[in-house]
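Protein chains in written order, with our numbering: chain A, 1 to 408; chain B, 1 to 320.
Possibly wrong hints are sitting among the right ones.
[What the hints assert, rightly or not] Restricting the straight-line Cα-Cα distance to at most 25 angstroms, the calculated cross-link-like pairs of lysine-lysine (DSS-like) are:
id, chain 1, residue 1, chain 2, residue 2
1, A, Lys256, B, Lys57
2, A, Lys13, B, Lys57
3, B, Lys213, B, Lys271
4, B, Lys115, A, Lys88
5, A, Lys117, A, Lys128
6, B, Lys115, A, Lys17
[As the list claims (entries may be wrong)] Quick look at which bits of chain A chain B covers, simulated, 3 or more residues with Cβ under 8 angstroms:
id, stretch
7, 13-27
8, 247-255
[Unchecked claim] Interface residues of chain B toward chain A, partial, derived using beta-carbon atoms under 10 angstroms:
id, residue
9, Gln76
10, Gly82
11, Pro85
12, Tyr91
13, Pro92
14, Val113
15, Asn147
16, Gly151
17, Asn155
18, Gln157
19, Phe177
20, Tyr197
Since the hints were made in silico from the structure, they are not lab data. Each residue gets a CB set at the ideal place from its N, CA and C atoms; glycine is no exception.
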Amino acid sequence: MMKLCAVFLKELKIFFKDRGAIVQFFIVPILVITIANFAMGRLYGGVGRINLLVVDKDESELSRRLIAEIKDMKVLTVEDNYEKDGVKHLMTEEYARNLINKQKRSVAVIIPTGFGKKVRTGRKAEIKAIENPLEEMSVAISRGVMEVIVNRLSANSIAVNLAVEELSETKIRVTRDYLIEKAMTKSRELWKDPPVTIENESLSCLVGNKMDPMKQNVPGFAIMFALFSLAWGSMSLITEREQGTFERILCAPISKAQILGGKLITTFVIACFQLLVFFTFGHFVFGMDPGNSIAGLVLISIAVALTATSMGIFIASIVRTPAQAGGLTSLIIIGMSALGGSWWPSEFMPEYIRVLGHCVTINAWAMDGYKDLLWYGRSMIDILPEVGVLVGFAIFVFSIGVWRFSFE
Amino acid sequence: MKDDNIVEVRSLIKRYGDVTAVNSITFDIRKGEIFGFLGPNGAGKTSTISTISCRRKPTAGTVVVNGFDVRKNAKQIREFVGIVPQCLALYPSITVVDNLSFFGSVYGLSGGVLKKRIDETLEIVGLSDRANVIVESLSGGMKRRLNLACGLLHNPQLILLDEPTVGVDLQSRNRIFENIRRLNEEYGMTVLYTTHYMEEAENLCQRVAIIDKGEIAALDSPKNLISEMGDGFIEISVSNASEKDLEDLNNLPHVNKSFLLGGKLKVQAGKTHKALLGVLFFLNEKGISLESLQIKEPSLEDVFLKLTGKILRDSCVQEN
């Protein structure tokens, strides 16, 4: 045991003396997680408010009502004026076009002159939208919102005009304008409590904690960078073989199991420590909710660290030089991270890629486990299948690695 | 096993696949001596050391170290054998003390004993003032000394030094020699020293085995090996001698054997002054033009040449 500890402590000293490794294992991942969180936040349900330019050429009561309704929509921030030289101006079509051309805004809505009058009299009225086709997500959301409002206005207009037509044929002695005004007022009241609504039900089994990008980015990049410990582990084994220290140690009264054990424990501890640092960072810096099962998080993280460690000795057993190990581990880590959903949610990928990811990567299984815990608030019991797959894989590659590994 | 022997090797054969590295060698190492293994790279020196240190099992034959058979008692043997490999088997990114501490720990040393042994060993190799320096910042000679120190921590009875001076400057080489002599004289350590530098074997070792192509060609003290060479060599630089001339030259009185190596004619003679005149007449008769002539004292280099027909340094270069 003392000799195994000696190997472990020596490995730790070597690791912590290597500033490059510290940067690669801890600083780079934290930076990547932070950048990914800010850069890709919108992909994970955290869509921020979209700025919508509104040009009101009509300035009617209806156009103002339309703008007020857009403002009520929580996903849009309406900009119907702009400031120049300290003076506020109403938004113009030219100014709006200019902003979109410069890619400062994505969508502008132009309410043309006579819009209100056309709607009131039941004539065809058009609202014009200017869009930046490259900002697909903002454009789609703006279109959706505008369609809801325009449909409402259209229905309102149709209903009012129908009512007025019908009433005009009766003997009631009121003017057409009076009827329109009355009908409009009534319809406005009715819209406040619409007769048809949608009741949304979220399946209780899928209701977990609030989704935020950290819940994808932290586990995703944590798995990827924990896999770098496999590169370190394999490199450490190959370097000892190359520099002749294995030859010297093997002449001492120490078993091969103690040497390998000490080295593998170091890789395992480093991988566990990495995962701990990343999840702690996500929680305390970005407020990531750790879900309902800390024990589950610990369990799946241990399984990931075990897998990375086992893959380290496996790689060392099939290559001869550090350069070969470097190339192969890069290929494996990057390939598995991309296919396994470490960089983006696997839900974004086609079905066959998701299946392939589960066939050839550990990331996909690990991400499934982390998602169960973080996204859906599930318990430790629920992730046992994923943990089982990871541990089984670890045992398999570890056995092959130990069997094939040569100290010479 | 004889009481005064620490190592007994009998008919040792070591093969790697189809390659025979060591071919049935037999020798003893006496307790307290510095025993040299002189031979070119690939001669079988490292394979022999690997077997004695229990790193590799013999293909055939027996190796007994301090009464223990390497096949059956590897664990016991490893406790009292120290090894200094040819390469710098060190961890360059950590300190001198960290390296020593680790290598001491794998020999079961700990706590105060380990610290004391580290201090003593650093003093022996003259690195006490470099204890907390990162290894990669040491000079080549210092690294070699640290390489030696790592093999001494557990105070071994037998230390196996595999070409410990490869690639070091003269000053560091002399320092290493001093260390080895001190270990042998003050601490009573038995030393097996492999080298392809004949001067090292000649100056350091009490007995030397000359090994080539896995076989021991001669084994004795450097003095006895050299004395068998007669009183010297006549070394003549010639421009137009041929291999055929050597046969005639060998038949001259007092000439034991002659060699033609890179334009130099080396004539080994029992009595050089008596052979000299005959050799000169012979060259004159054959019309071989003579560029320079020297009479040299014999050395282990000449012993190696006589036994193997090649110069030790040349064979090292070739095999490197």
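Going down the list of hints, with the structure as the test:
Annotation: proposed proximity of A:Lys256 to B:Lys57 holds, straight-line Cα distance about 16 angstroms (limit 25 angstroms). Of the pairs offered as hints, the one joining A:Lys13 and B:Lys57 is violated, with about 33 angstroms between alpha carbons and a cut-off of 25 angstroms exceeded. Of the supplied pair hints, the one linking B:Lys213 and B:Lys271 is violated, its CA atoms being roughly 31 angstroms apart against a limit of 25 angstroms. A distance of roughly 80 angstroms separates the Cα atoms of B:Lys115 and A:Lys88; the hinted pair therefore is violated under the 25 angstroms criterion.
Between A:Lys117 and A:Lys128, the direct Cα distance comes to roughly 16 angstroms. Compliance with the 25 angstroms bound is thereby established for this hinted pair. Taking the CA atoms of B:Lys115 and A:Lys17, the gap is near 22 angstroms; set against the 25 angstroms cutoff, the hint holds. Proximity of the stretch 13-27 of chain A to chain B, defined as three or more residues with a beta carbon under 8 angstroms from a beta carbon of that chain, is established by the 4 residues found. With a cut-off of 8 angstroms between beta carbons, the stretch 247-255 of chain A has 8 residues touching chain B; three or more are needed, and the interface restraint holds.
A cut of 10 angstroms between beta carbons decides the hint on B:Gln76: the least distance to chain A is about 9 angstroms, and the hint holds. Taken as an interface hint, B:Gly82 checks out: its beta carbon lies about 8 angstroms from the nearest beta carbon of chain A, inside 10 angstroms. Annotation: interface hint on B:Pro85 holds; nearest CB of chain A at approximately 5 angstroms, less than 10 angstroms. Restraint check, B:Tyr91 versus chain A: the minimum CB separation of about 6 angstroms is within 10 angstroms; hint holds.
For B:Pro92, the shortest C-beta to C-beta distance to chain A is roughly 8 angstroms, which falls under 10 angstroms, so the interface hint holds. Evaluation of the B:Val113 hint against chain A yields a violated restraint, the C-beta minimum of about 13 angstroms exceeding 10 angstroms. Taking 10 angstroms as the C-beta cut-off, the interface hint given for B:Asn147 holds, the closest approach to chain A being about 9 angstroms. About 8 angstroms separates the beta-carbon of B:Gly151 from the nearest beta-carbon of chain A, less than 10 angstroms, and the hint is met.
Interface hint status for B:Asn155: violated, as the beta-carbon distance to the closest one in chain A is roughly 13 angstroms, over 10 angstroms. Among the interface hints, the one on B:Gln157 is violated; its C-beta lies about 14 angstroms from the nearest C-beta in chain A, farther than the 10 angstroms criterion. A cut of 10 angstroms between beta carbons decides the hint on B:Phe177: the least distance to chain A is about 22 angstroms, and the hint is violated. Of the supplied interface hints, the one on B:Tyr197 is violated, with its beta-carbon coming no nearer than about 21 angstroms to a beta-carbon of chain A, more than 10 angstroms.
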